[in-house]
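Peer 1: Residue numbers (this note's numbering), protein chains in the order written: chain A, 10 to 560; chain B, 211 to 435; chain C, 438 to 544.
Hints are computed from structural coordinates only; laboratory data are not their basis.
Note that beta-carbon positions come from the ideal geometry of N, C-alpha and C, so glycine has one too.
Don't take every hint at face value.
What the hints assert, rightly or not - Not close to chain C: a few residues of chain A, all C-beta gaps over 12 Å, as computed: (1) LEU132; (2) GLY153; (3) HIS199; (4) PHE311; (5) PHE314; (6) TRP317; (7) LEU502.
Claimed, not checked - In silico lysine to any residue, SDA-like type, Cα no more than 25 Å apart, as pairs: (8) LYS332/B with PRO480/C; (9) LYS362/B with LEU537/C; (10) LYS312/B with ILE471/C; (11) LYS332/B with ASP257/A; (12) LYS332/B with PHE533/C; (13) LYS332/B with GLY246/A; (14) LYS362/B with MET240/A; (15) LYS362/B with ASP257/A; (16) LYS43/A with SER309/B; (17) LYS362/B with LYS531/A; (18) LYS531/A with GLY506/A; (19) LYS362/B with ALA346/A; (20) LYS362/B with PHE164/A; (21) LYS43/A with VAL411/B; (22) LYS362/B with ILE471/C; (23) LYS332/B with GLY343/B; (24) LYS362/B with ALA237/A.
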Amino acid sequence: MTSQTIDDVQFIEPIPKRNYLNVEYGVFSWLLTKDHKRIGILYLISVTLLFFVGGIFAFLLRLELLTPEGDLFTSDTYNKLFTLHGIVMIFFFLIPAIPSALGNFILPIMLGAKDLAFPRINLLSWYLYVIGALFGIYVIVTGGVDTGWTFYTPFSTQYSNTHVFATTLGAFITGFSSILTGLNFIVTTHRMRAPGLTWFRLPLFVWSIYATSIVQLLATPVLAITLALLMFERVLGVGIFDPGLGGDPVLYQHLFWFYSHPAVYIMVLPAMAVVSEVVAAFTRKRIFGYSFVAFSSLAIAFLSFLVWAHHLFVAGISVYSAMVFSFLSMLVAVPSAIKVFNWTATMYKASVSWQTPMLYILGFIGLFTIGGVTGLFLAALGIDVHVTDSYFVVAHFHYIMVGGTVMAYMAGIHYWWPKITGRMYPEWWARLGALLVFVGFNLTFFPQFIVGYVGMPRRYHAYAPEFQVLNVLSTAGATVLAVGYLLPMVYLLWSLGWGRKAGANPWGAVGLEWVTSSPPPKDNFHETPVVTWDAYDYPAFLKAMKETQHV
Amino acid sequence: MSDAALPEEHPHHPFLQHHFEDMGQQHEASTLGMWMFLATEILFFGGFFCAYAVYRTMYFGAFRAGADHQNWRIGAANTIVLIGSSLTMALAVWAAQTSRRKLTVIMLILTLLLGGVFLGVKMYEYHSHWEEGLFPGTHFTYVDHQHPELTKGIELFMTFYFGLTGLHAMHMIVGVGLLIWMILRAYRGDFGAEYYAPVEVMGLYWHFVDIVWIFLFPLLYLLHY
Amino acid sequence: MDDSHDYSNEEPTHHVTGLPVYFAVFIALMVLTILTVWVSRVPIGRANTLVALTIAVTKATLVILFFMHVIHSTRLTWIVILASFLWLGVLFVLTFADYLTRSWSLY
Chain A
10 MTSQTIDDVQ
20 FIEPIPKRNY
30 LNVEYGVFSW
40 LLTKDHKRIG
50 ILYLISVTLL
60 FFVGGIFAFL
70 LRLELLTPEG
80 DLFTSDTYNK
90 LFTLHGIVMI
100 FFFLIPAIPS
110 ALGNFILPIM
120 LGAKDLAFPR
130 INLLSWYLYV
140 IGALFGIYVI
150 VTGGVDTGWT
160 FYTPFSTQYS
170 NTHVFATTLG
180 AFITGFSSIL
190 TGLNFIVTTH
200 RMRAPGLTWF
210 RLPLFVWSIY
220 ATSIVQLLAT
230 PVLAITLALL
240 MFERVLGVGI
250 FDPGLGGDPV
260 LYQHLFWFYS
270 HPAVYIMVLP
280 AMAVVSEVVA
290 AFTRKRIFGY
300 SFVAFSSLAI
310 AFLSFLVWAH
320 HLFVAGISVY
330 SAMVFSFLSM
340 LVAVPSAIKV
350 FNWTATMYKA
360 SVSWQTPMLY
370 ILGFIGLFTI
380 GGVTGLFLAA
390 LGIDVHVTDS
400 YFVVAHFHYI
410 MVGGTVMAYM
420 AGIHYWWPKI
430 TGRMYPEWWA
440 RLGALLVFVG
450 FNLTFFPQFI
460 VGYVGMPRRY
470 HAYAPEFQVL
480 NVLSTAGATV
490 LAVGYLLPMV
500 YLLWSLGWGR
510 KAGANPWGAV
520 GLEWVTSSPP
530 PKDNFHETPV
540 VTWDAYDYPA
550 FLKAMKETQH
560 V
Chain B
211 MSDAALPEEH
221 PHHPFLQHHF
231 EDMGQQHEAS
241 TLGMWMFLAT
251 EILFFGGFFC
261 AYAVYRTMYF
271 GAFRAGADHQ
281 NWRIGAANTI
291 VLIGSSLTMA
301 LAVWAAQTSR
311 RKLTVIMLIL
321 TLLLGGVFLG
331 VKMYEYHSHW
341 EEGLFPGTHF
351 TYVDHQHPEL
361 TKGIELFMTF
371 YFGLTGLHAM
381 HMIVGVGLLI
391 WMILRAYRGD
401 FGAEYYAPVE
411 VMGLYWHFVD
421 IVWIFLFPLL
431 YLLHY
Chain C
438 MDDSHDYSNE
448 EPTHHVTGLP
458 VYFAVFIALM
468 VLTILTVWVS
478 RVPIGRANTL
488 VALTIAVTKA
498 TLVILFFMHV
508 IHSTRLTWIV
518 ILASFLWLGV
528 LFVLTFADYL
538 TRSWSLY
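Bound-form chain A, shown alone (with noise of 0.2 Å):
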């Protein structure tokens, strides 16, 4: 090997006239299209949306409550808020978020295929999740719903009066978004990778985004049948559910949480798979542990399975199945922990370069790891009963879907921001950025662990007196939070007009999509590809650039 190094090579390739973005103009050229770049796109505009309308709910309910009295809103209204937040932010935003938006713009490309298997059923799959998503928006305009994201059942089927028929019927919808997205990710993975990238030359956001595919295309449907018989159950009133007629409510949950809880991780997975790519490109080095990295991803997406009634310790399941999915659920710990130790000993004596995906990948990996370990204390079935709903629950969760895949679909947007726009983010705001969102989302949570230790009950808009000053923390560290994730969206915008330009390989990382040109071509690459290098393998991939670009 030379000494030169990555950074050393001049990616010649000139800046084609003719890129995806380009070669076609007018709306219909986007409603209409089927290339997987521009339905990625499509995707980031839907979910950046309703990300902000499900914001402005976690807003107000700060807001409210920031004062122990229930002064702002209702009890109802307020029911009916965080019911919304969390039906926008899992169905709307953390479920299509980084398979739907970065992995359908990214993982063609990094299989070296012109195109996802079925793009026809890759635009049907944006169309499903915008009419579930009108579905929501026509919820929230005329007058919500208060069931609480779970729509339980018998309250959700026999006595709620709010729009239950229209969200469940929204979320219906969008789960068939997602089962689309990853049946269309499995075939193109199987089927359509370039010549030479065999299973382990693969980048292991593609394993990550593998793995997802499979919880979404085998969970997705049990919600969809869950959902069908509590829609069947509130029109026709027949009692599948209701215990008035002879139904178990505790089914419904079974049911329920057999998708989603593996839906946490259709959340996080995907997030894992930009943690894998990011700490490789900004450590210069192969990821440690390659293969157990890869296929500790499919490890979680069956042990998934196997743990959901963790969710239902107190509905009165028996005490016998209890232990056993208490033991259950403390297995996910340990392929998620695989991937934290092998992550940290990637970046073990590396030179890292702080640059800012690389520092909200820092922060995924210490919040995710405290996500994490507080979930092994719900996993434990005496912890699990004193600090059910409560505000423990809720820091927990936030851990590991805001600290951690929120943070991951950040860092990602950054890291292929050049390959999707052409043009590099201002690096001094971004940073700035990335610091606001750590300080905001640990001020915004922390305080919550505690007074969820203590006592405080979720889902209520009044509290005791005593956690007010945590509960005064909190709503501040959200204001510090909105402005972190408000001002991607101004430097972001300011870049597609006067961000520097960037070239194919602005990080100097090793990959497929780094090869093509940025933006990328209509069909990805001008010829097809052909791998000689192992993923991540940065002196194989210099010699193969060298050889191919003449360097």
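Based on these hints, arrange chains B and C on the given structure of chain A.
Peer 2: Just chains B and C, lined up with the frame of chain A:
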């Protein structure tokens, strides 16, 4: 790779989409895609079957009493009709594989007819249950005079009966729509040994719907003991 | 699972099943349908459900293997099918782990 390099030697099949390298890759992708979809269908129906199993365990007596309201002769006849349609569907795929255009069309039409017979019989059954007051919800007027305590359980059974067979029938109706489309394409002469993936994929879906019925028949009609 | 390059060489997908196989499977399915009706009228208690399900699984297996050509399909197709039934098994087993042990705590 080969797309640009070898245009003369490998003329494109008219149905080869541009992002696939060749017909083999395209065929593999579509059958794998359909299998993945059927995997989701297995879990979709599976959740429903799981709920059925839970209540059947809880209320076995009532479920048996409910199943007594099913006419097993009609159910068995319909099972035979549906399995027959699976045979004609399999033969349609075979005919397409071996480039027999006329036979493909005939077999697809036969499949369509048998599917239509199945749905017609199903409508008849639904109608007679409705007449008996066995449709769950506000229309449920049936009372079991010998064992009044079973009435609620019988309503639950009928909920599952209508839910499961209704979901199955909805899949049949989608299948009928797809069949009509396939018949038109087969008639137009789209299919042959080179390109028959749509017929095969359609067949996979149709057989899956048949399999669901293979389970529904004993679970809903044959609970004598 | 290394199936990236040789998809066009995978003979199985273009295997043409002979007509006698289809008719034989059809007859077997008919026989099993009659058998399941007949056996349901024989009082063998709880075993009735077991027998009915065994016959249904056999019929489903015949359809999957021959009508759906899985017997000549790639290993990946097998994995997809087996995985979906494995996941379905998880749903049933862990749900019933609750329902069947609920009464235990009473003793």
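Peer 1: Hey, LYS531/A versus GLY506/A, does the alpha-carbon distance stay inside 25 Å?
Peer 2: Answer holds: LYS531/A to GLY506/A is near 21 Å, not above 25 Å.
Peer 1: Are all C-beta atoms of chain C more than 12 Å from that of HIS199/A?
Peer 2: Non-interface label on HIS199/A violated, nearest chain C Cβ at 6 Å vs cutoff 12 Å.
Peer 1: Verify that the Cβ of GLY153/A lies farther than 12 Å from every Cβ atom of chain C, and report whether the claim holds or is violated.
Peer 2: At roughly 32 Å from the nearest Cβ of chain C, GLY153/A sits farther out than 12 Å, so the non-interface label holds.
Peer 1: Compare the distance between the alpha carbons of LYS362/B and LYS531/A with 25 Å, and conclude whether the hinted pair is satisfied.
Peer 2: At roughly 61 Å apart (the allowed maximum being 25 Å), LYS531/A and LYS362/B break the hint.
Peer 1: Given the hinted pair LYS332/B and GLY343/B, is their Cα-Cα distance within 25 Å?
Peer 2: The given pair, whose Cα atoms are some 17 Å apart, holds under the 25 Å limit.
Peer 1: Taken at face value, is the distance from the CA of LEU537/C to the CA of LYS362/B at most 25 Å?
Peer 2: 22 Å, holds
Peer 1: Would the hint linking LYS43/A and SER309/B be met if the CA-CA limit is 25 Å?
Peer 2: Violated: LYS43/A and SER309/B sit about 31 Å apart, past 25 Å.
Peer 1: Confirm or reject: LEU132/A is not an interface residue toward chain C, with every Cβ-Cβ distance exceeding 12 Å.
Peer 2: 24 Å, holds
Peer 1: Holds or violated: LYS332/B and GLY246/A, Cα atoms, limit 25 Å.
Peer 2: Holds: LYS332/B and GLY246/A sit about 23 Å apart, inside 25 Å.
Peer 1: Would you mind confirming whether the straight-line C-alpha gap from LYS362/B to ALA346/A stays at or under 25 Å?
Peer 2: 50 Å, violated
Peer 1: Please check whether the beta-carbon of PHE311/A is more than 12 Å away from every beta-carbon in chain C.
Peer 2: 9 Å, violated
Peer 1: So if I understand the rule, the pair passes when the alpha-carbon distance is 25 Å or less; does LYS332/B with PHE533/C pass?
Peer 2: 32 Å, violated
Hint compliance for this structure: hints 3, 4, 5, 6, 8, 10, 11, 12, 16, 17, 19, 22 are broken, all remaining hints hold.
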